[in-house]
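K.L.:
Sequence order for the protein chains is A and B.
Numbered according to my numbering, the first sequence spans residues 1 to 115.
Numbered according to my numbering, the second sequence spans residues 1 to 111.
Just so you know, these hints were derived from the structure itself, not from any lab.
Among the clues, some could well be false.
[Claimed, not checked] Interface residues of chain B toward chain A, partial, derived using beta-carbon atoms under 8 Å:
| id | residue |
| --- | --- |
| 1 | Asp49 |
| 2 | Phe89 |
| 3 | Leu99 |
| 4 | Phe101 |
| 5 | Gly104 |
[Stated by the list, open to error] Computed list of lysine-lysine pairs in DSSO-like fashion (alpha-carbon distance at most 30 Å, straight line):
| id | chain 1 | residue 1 | chain 2 | residue 2 |
| --- | --- | --- | --- | --- |
| 6 | B | Lys103 | A | Lys78 |
| 7 | A | Lys11 | B | Lys42 |
| 8 | A | Lys11 | B | Lys106 |
| 9 | B | Lys106 | B | Lys71 |
| 10 | A | Lys62 | A | Lys78 |
| 11 | A | Lys78 | A | Lys11 |
Note that this is a predicted model, so its numbers are computed, not measured.
Note that the Cβ used here is the ideal one computed from N, Cα and C, for glycine as well.
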Amino acid sequence: DARVTQTPRDKVTEMGQEVTMRCQPILGHNTVFWYRQTMMQGLELLAYFRNRAPLDDSGMPKDRFSAEMPDATLATLKIQPSEPRDSAVYFCASGLQAGDYNEQFFGPGTRLTVL
Amino acid sequence: GESVGLHLPTLSVQEGDNSIINCAYSNSASDYFIWYKQESGKGPQFIIDIRSNMDKRQGQRVTVLLNKTVKHLSLQIAATQPGDSAVYFCAGDGSQGNLIFGKGTKLSVKP
Numbered sequence: 001d002a003r004v005t006q007t008p009r010d011k012v013t014e015m016g017q018e019v020t021m022r023c024q025p026i027l028g029h030n031t032v033f034w035y036r037q038t039m040m041q042g043l044e045l046l047a048y049f050r051n052r053a054p055l056d057d058s059g060m061p062k063d064r065f066s067a068e069m070p071d072a073t074l075a076t077l078k079i080q081p082s083e084p085r086d087s088a089v090y091f092c093a094s095g096l097q098a099g100d101y102n103e104q105f106f107g108p109g110t111r112l113t114v115l
Numbered sequence: 001g002e003s004v005g006l007h008l009p010t011l012s013v014q015e016g017d018n019s020i021i022n023c024a025y026s027n028s029a030s031d032y033f034i035w036y037k038q039e040s041g042k043g044p045q046f047i048i049d050i051r052s053n054m055d056k057r058q059g060q061r062v063t064v065l066l067n068k069t070v071k072h073l074s075l076q077i078a079a080t081q082p083g084d085s086a087v088y089f090c091a092g093d094g095s096q097g098n099l100i101f102g103k104g105t106k107l108s109v110k111p
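Could you build the full structure based on these sequences and the hints that come with them?
P.N.:
What follows is the structure in structure tokens.
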């Protein structure tokens with residue numbers, strides 16, 4: 001049963017600390033997405049990769065956030081330095097984008113709390 | 001900018017009744033729409049999708065209707081069950097090949 005995995009599931013840290021979230025997409029998928037979910041804003045797209053190349057990271061605060069795919073089995077989202085307003089659930093999703101087929105499979109999320 | 005939104009933030013229905021969740025979108029070029037269900041503490045889960053060349057698609061107890069003229073889609077759940085209680089998101093494909101999500105409707109099913 002292929003699924004997207006994310007680590008850690010929960011992270012509590014202090015303001016100013018670096019946070020790294022990891023995602024393993026479903027094998028064979030060619031797209032990876034990072035989302036942030038809060039009660040106020042709902043699901044926000046932070047970054048989007050296709051075939052490991054970043055296509056859109058306009059939703060991401062560039063001064064502190066960075067997203068990478070060092071290889072096809074790993075995507076990372078890093079926040080440095082973290083701030084209390086970064087507290088949210090961060091979801092990774094992967095998909096197989098072929099033509100207009102665009103379904104995304106979501107991981108369980110990383111709940112980040114920045115004190 | 002592009003947006004996908006829902007008409008109601010919450011919906012409460014009696015068990016066994018039918019539920020209808022509505023969604024509007026702004027990008028007339030969107031070709032593909034998905035409904036997701038998100039249970040508490042979990043990631044969104046695919047329910048059903050529809051392409052713009054269709055106006056209706058049925059799944060198991062769920063039906064999605066697409067009205068391209070008014071840029072509106074709806075999710076109908078037949079014989080709603082307590083296990084259907086969740087937040088439901090509609091999403092449409094954006095101009096960048098990504099998905100644009102609405103803010104969600106919370107469905108509560110009363111026993």
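K.L.:
Take the hints in turn and mark each one as holding or not.
P.N.:
Going down the list of hints, with the structure as the test:
no.	hint	result
1	Asp49	6 Å, holds
2	Phe89	7 Å, holds
3	Leu99	6 Å, holds
4	Phe101	4 Å, holds
5	Gly104	6 Å, holds
6	Lys103/B to Lys78/A	25 Å, holds
7	Lys11/A to Lys42/B	16 Å, holds
8	Lys11/A to Lys106/B	26 Å, holds
9	Lys106/B to Lys71/B	22 Å, holds
10	Lys62/A to Lys78/A	11 Å, holds
11	Lys78/A to Lys11/A	13 Å, holds
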